[in-house]
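Participant: Listed in order, the protein sequences are those of chains A and B.
Letter by letter, the first sequence follows residues 2 to 109 in the numbering used here.
Letter by letter, the second sequence follows residues 2 to 115 in the numbering used here.
None of these hints come from the bench; they were simulated from the model.
Check the hints yourself; a few may be wrong.
The list that follows gives simulated cross-link-like pairs (lysine-lysine, BS3-like), each with its CA atoms no further than 30 Å apart [said to hold, decoys possible]:
1) B:Lys23 to B:Lys37
2) B:Lys23 to A:Lys56
3) A:Lys69 to A:Lys54
4) B:Lys42 to A:Lys69
5) B:Lys23 to A:Lys54
Label-pair distances were calculated between CB atoms; the ranges are [stated by the list, open to error]:
6) B:Ala40 to A:Ser51: 37 to 43 Å
7) A:Ser51 to B:Glu57: 31 to 37 Å
8) B:Lys42 to A:Ile61: 25 to 31 Å
In silico negatives: residues of chain A with every beta carbon more than 12 Å from chain B [said to hold, decoys possible]:
9) Asn3
10) Gly17
11) Ile20
12) Ile66
13) Arg81
14) Asn92
Backbone N, C-alpha and C define an ideal beta-carbon position, used for all residues, glycine too.
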Amino acid sequence: KNEVEQSPQNLTAQEGEFITINCSYSVGISALHWLQQHPGGGIVSLFMLSSGKKKHGRLIATINIQEKHSSLHITASHPRDSAVYICAVPNTGNQFYFGTGTSLTVIP
Amino acid sequence: ETGVTQTPRHLVMGMTNKKSLKCEQHLGHNAMYWYKQSAKKPLELMFVYSLEERVENNSVPSRFSPECPNSSHLFLHLHTLQPEDSALYLCASSQDRGTTYGYTFGSGTRLTVV
Numbered sequence: 002k003n004e005v006e007q008s009p010q011n012l013t014a015q016e017g018e019f020i021t022i023n024c025s026y027s028v029g030i031s032a033l034h035w036l037q038q039h040p041g042g043g044i045v046s047l048f049m050l051s052s053g054k055k056k057h058g059r060l061i062a063t064i065n066i067q068e069k070h071s072s073l074h075i076t077a078s079h080p081r082d083s084a085v086y087i088c089a090v091p092n093t094g095n096q097f098y099f100g101t102g103t104s105l106t107v108i109p
Numbered sequence: 002e003t004g005v006t007q008t009p010r011h012l013v014m015g016m017t018n019k020k021s022l023k024c025e026q027h028l029g030h031n032a033m034y035w036y037k038q039s040a041k042k043p044l045e046l047m048f049v050y051s052l053e054e055r056v057e058n059n060s061v062p063s064r065f066s067p068e069c070p071n072s073s074h075l076f077l078h079l080h081t082l083q084p085e086d087s088a089l090y091l092c093a094s095s096q097d098r099g100t101t102y103g104y105t106f107g108s109g110t111r112l113t114v115v
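The following block holds chain A by itself, in its conformation from the complex:
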């Protein structure tokens, strides 16, 4: 069992659609990270959040600490948003638990 579960595993959307990716975790955390992995392999950090909501451009991340759940939303999706989105939470060993990722494809 993975400490971090993401859904869906794969997602295909039409350009312009509103997209939601979910992350549930089973451990107590101080902060949760959303990462984006481009088709070439590189990973970039999108958000680190410990409560409430953060917004950056068309991306919005929310977290509910009590329910141990976070969502990543993309408004007005675009083909360049096609990537794998990974959720990560710290563990007691001072490292990260990573989700398996959600593969998003946005079709023009």
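Guided by the hints, dock chain B onto chain A, whose structure is given.
Facilitator: Just chain B, lined up with the frame of chain A:
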């Protein structure tokens, strides 16, 4: 470009070959990491270096040998690999060891063992 550079981007090697992966960062970070990413699996931590000292080795087979000659460079030496070692190998760095600051990742080396 994230500030963490990995070379080569792609590598095909036979099971009897010896090769090395290189990672370089000039972000002034004190901790560096090697991760393995296989299809449909979460990122797997392999090695952690903090201030050039290896602080973690997550039960990685001895055919993978890390080296950290200074705080800016990290190598992963490979020898007598198996086909199941084919994966994306990612290097990351952070200001200090731990999760407080998040990680900066390189673009990875796509390794194929034939």
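Participant: None of the hints should be skipped; say for each whether it holds.
Facilitator: To see whether the hints hold, each was checked on the structure:
For the given pair, Lys23 of chain B sits about 14 Å from Lys37 of chain B by alpha-carbon distance, which is consistent with the 30 Å threshold. The hinted pair formed by Lys23 of chain B and Lys56 of chain A fails the criterion: a straight-line CA distance of about 35 Å is larger than 30 Å. Distance hint between Lys69 of chain A and Lys54 of chain A is fulfilled; the C-alpha atoms sit about 14 Å from each other, no more than 30 Å. Between Lys42 of chain B and Lys69 of chain A the alpha-carbon distance is near 21 Å, which keeps this suggested pair within the 30 Å criterion.
A hinted pair counts as satisfied when its Cα atoms are at most 30 Å apart, and Lys23 of chain B with Lys54 of chain A does not qualify at roughly 37 Å. One distance hint, 37 to 43 Å for the beta-carbon pair Ala40 of chain B and Ser51 of chain A, is violated here, with the actual separation near 31 Å. Against the hinted window of 31 to 37 Å, the Cβ-Cβ separation of Ser51 of chain A and Glu57 of chain B comes to about 25 Å, which falls outside the hint. At roughly 28 Å, the beta-carbon separation of Lys42 of chain B and Ile61 of chain A lies within the given 25 to 31 Å, and the hint holds.
Residue-level check failed: Asn3 of chain A sits 6 Å from the nearest beta carbon of chain B, not beyond 12 Å. Taking the minimum C-beta to C-beta distance to chain B, about 29 Å, the non-interface status of Gly17 of chain A holds against the 12 Å cut. The beta carbon of Ile20 of chain A is kept farther than 12 Å from every beta carbon of chain B, the shortest such distance being approximately 21 Å. No beta-carbon of chain B is positioned within 12 Å of the beta-carbon of Ile66 of chain A; the least distance is around 16 Å.
With a closest Cβ-Cβ approach of about 17 Å to chain B, Arg81 of chain A is found to remain outside the 12 Å limit, as its non-interface label requires. Interface exclusion of Asn92 of chain A from chain B breaks down, the closest Cβ pair being 8 Å apart, not more than 12 Å.
Of the numbered hints stated above, those contradicted by the structure are hints 2, 5, 6, 7, 9, 14, listed in ascending order.
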